[in-house]
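Enquirer: Sequence:
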Amino acid sequence: MNIPLRSLCLGLALLIYGLAGSPTPDRPGAVEIAISTFLMGAAGMSGLMNVFRYKGDNPLWFSSGQFFLFFGLSVPLLMGFLGGNDPVLIFRDVIGLLFLALPLVLTRLDARWVVLTGLLFSVRALAPVMGWFWPLGDTDALSYFANAPTVLFAALFLSLGGFTHLIAVSDLRKVLLGVACLLLCILPFIAMSWSLQRASLAYSVISVAIFFAMTFSRAPVRSSAMIMIAILAAIMIWPQGVGLWHALAEKTTLYGGNQRWAEIQAVWDALRDDPMNILFGLGWGGTFESPAVAGIRVNFTHSLLSSLLLKAGVTGLILGCLYLLSLLHALTKERKRQPVMVLCLWGPVVIDILLYASYKSLDFGLILVLAAGCAMRSCKLGNAHVSVKV
Numbered sequence: 001m002n003i004p005l006r007s008l009c010l011g012l013a014l015l016i017y018g019l020a021g022s023p024t025p026d027r028p029g030a031v032e033i034a035i036s037t038f039l040m041g042a043a044g045m046s047g048l049m050n051v052f053r054y055k056g057d058n059p060l061w062f063s064s065g066q067f068f069l070f071f072g073l074s075v076p077l078l079m080g081f082l083g084g085n086d087p088v089l090i091f092r093d094v095i096g097l098l099f100l101a102l103p104l105v106l107t108r109l110d111a112r113w114v115v116l117t118g119l120l121f122s123v124r125a126l127a128p129v130m131g132w133f134w135p136l137g138d139t140d141a142l143s144y145f146a147n148a149p150t151v152l153f154a155a156l157f158l159s160l161g162g163f164t165h166l167i168a169v170s171d172l173r174k175v176l177l178g179v180a181c182l183l184l185c186i187l188p189f190i191a192m193s194w195s196l197q198r199a200s201l202a203y204s205v206i207s208v209a210i211f212f213a214m215t216f217s218r219a220p221v222r223s224s225a226m227i228m229i230a231i232l233a234a235i236m237i238w239p240q241g242v243g244l245w246h247a248l249a250e251k252t253t254l255y256g257g258n259q260r261w262a263e264i265q266a267v268w269d270a271l272r273d274d275p276m277n278i279l280f281g282l283g284w285g286g287t288f289e290s291p292a293v294a295g296i297r298v299n300f301t302h303s304l305l306s307s308l309l310l311k312a313g314v315t316g317l318i319l320g321c322l323y324l325l326s327l328l329h330a331l332t333k334e335r336k337r338q339p340v341m342v343l344c345l346w347g348p349v350v351i352d353i354l355l356y357a358s359y360k361s362l363d364f365g366l367i368l369v370l371a372a373g374c375a376m377r378s379c380k381l382g383n384a385h386v387s388v389k390v
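In terms of this note's numbering, the sequence shown opens at residue 1 and continues consecutively.
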């Protein structure tokens, strides 16, 4: 079988990432260098040069993404060095910026690779809990594998895809594929449940409900059968479900919104005394005393929006919002033609923008690439054809 070089590079990058990589490594090493090298090979020279091409008919998300990337590689970078920020922290923030801009250079991505990454991260999240041996990479709980957006995407893609195949019931192969998908989706759901990922679990329930509401009008008998199977499965795991509900309720009682509003206030307090900081932030590598982690000075916030405000100021926040909101709007417009894929992507994008710190990871960049591909299946950007294979 003749595999294109770019597809091979991308597959190797994501395989290494899933097996041995980390969403936000403290000290990038050989694994990260290998992943970066293969990612550049997957993008190719045309993909890298595509960032510098401007066309009037490019979609808004692409053009605004170009402005956001150019701004991020200039003003916040300069502010970071002028402010004396730690070079290691500056480097990590620049890498996070490049991940955000991944849809500008990576124009082809098979969704199944992202699912595989999510499954591998699920196993690594559960390894220390289940006592499983993992020979590669880290399995420390502080590596935050379970709240990676690829884990949520894998859970949704496999569960909704499995139900779709079973509702279709066109042949035995579809049935077996549907059953296999539903069995595999158990892994990411257990990983999210064990680490009490409230937003991810809540969105999963909502998306499954929306999915059945959509399919019921088209195939009421088969959809009803799938709903009964889902109810039966829920009854079978009822004790575990009740325990999970109590654990989630206790976490909400203890932590509430994890000091999100107080965190935003702390970010504003760090900027408000200097108009330059308000406009352009503290620069990449900027830190502040976060109430979300007991007042410790850290380099991250739990929302991409507050992080952009802290490090790139109001200017960077506006440019970042224009890029991400226009991409999300383009994705949402596909809800009638690709409803399942939109459901699978909408949650991971919004949750990571608003609630989780995974926006700095390669995972989030991959989800954005899928969102761009879903929104632009048959459009051309410069000389590159944007597509997503599902």
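What the hints contain is simulated information worked out from the structure, not anything from laboratory work.
Being a predicted model, the structure only gives us computed values, none of them experimental.
All C-beta atoms, glycine included, are put in the ideal place defined by N, C-alpha and C.
Be careful, since some hints might not be right.
Quick list of simulated restraints, FRET-style, between CB atoms [claimed, not checked]:
hint, residue 1, residue 2, range
1, 350, 213, 36 to 46 Å
2, 228, 251, 26 to 36 Å
3, 168, 82, 31 to 41 Å
4, 295, 78, 27 to 37 Å
5, 7, 174, 46 to 56 Å
6, 289, 337, 41 to 51 Å
7, 82, 130, 46 to 56 Å
8, 7, 130, 41 to 51 Å
9, 168, 132, 18 to 28 Å
Okay, derived cross-link-like pairs now, BS3-like style, lysine-lysine, Cα gap no bigger than 30 Å in a straight line [stated by the list, open to error]:
hint, residue 1, residue 2
10, 55, 174
11, 174, 336
12, 55, 251
13, 336, 55
Enquirer: Could you run down the list of hints and mark each one as holding or not?
Expert: Each hint, compared with the structure:
no., hint, verdict
1, 350 x 213: 36 to 46 Å, "violated, 20 Å"
2, 228 x 251: 26 to 36 Å, "holds, 31 Å"
3, 168 x 82: 31 to 41 Å, "violated, 59 Å"
4, 295 x 78: 27 to 37 Å, "holds, 29 Å"
5, 7 x 174: 46 to 56 Å, "violated, 25 Å"
6, 289 x 337: 41 to 51 Å, "holds, 47 Å"
7, 82 x 130: 46 to 56 Å, "holds, 48 Å"
8, 7 x 130: 41 to 51 Å, "violated, 33 Å"
9, 168 x 132: 18 to 28 Å, "violated, 34 Å"
10, 55 x 174, "violated, 42 Å"
11, 174 x 336, "holds, 23 Å"
12, 55 x 251, "violated, 49 Å"
13, 336 x 55, "holds, 28 Å"
Figure legend: structure checked against the earlier numbered hints; hints not met, in rising order: 1, 3, 5, 8, 9, 10, 12.
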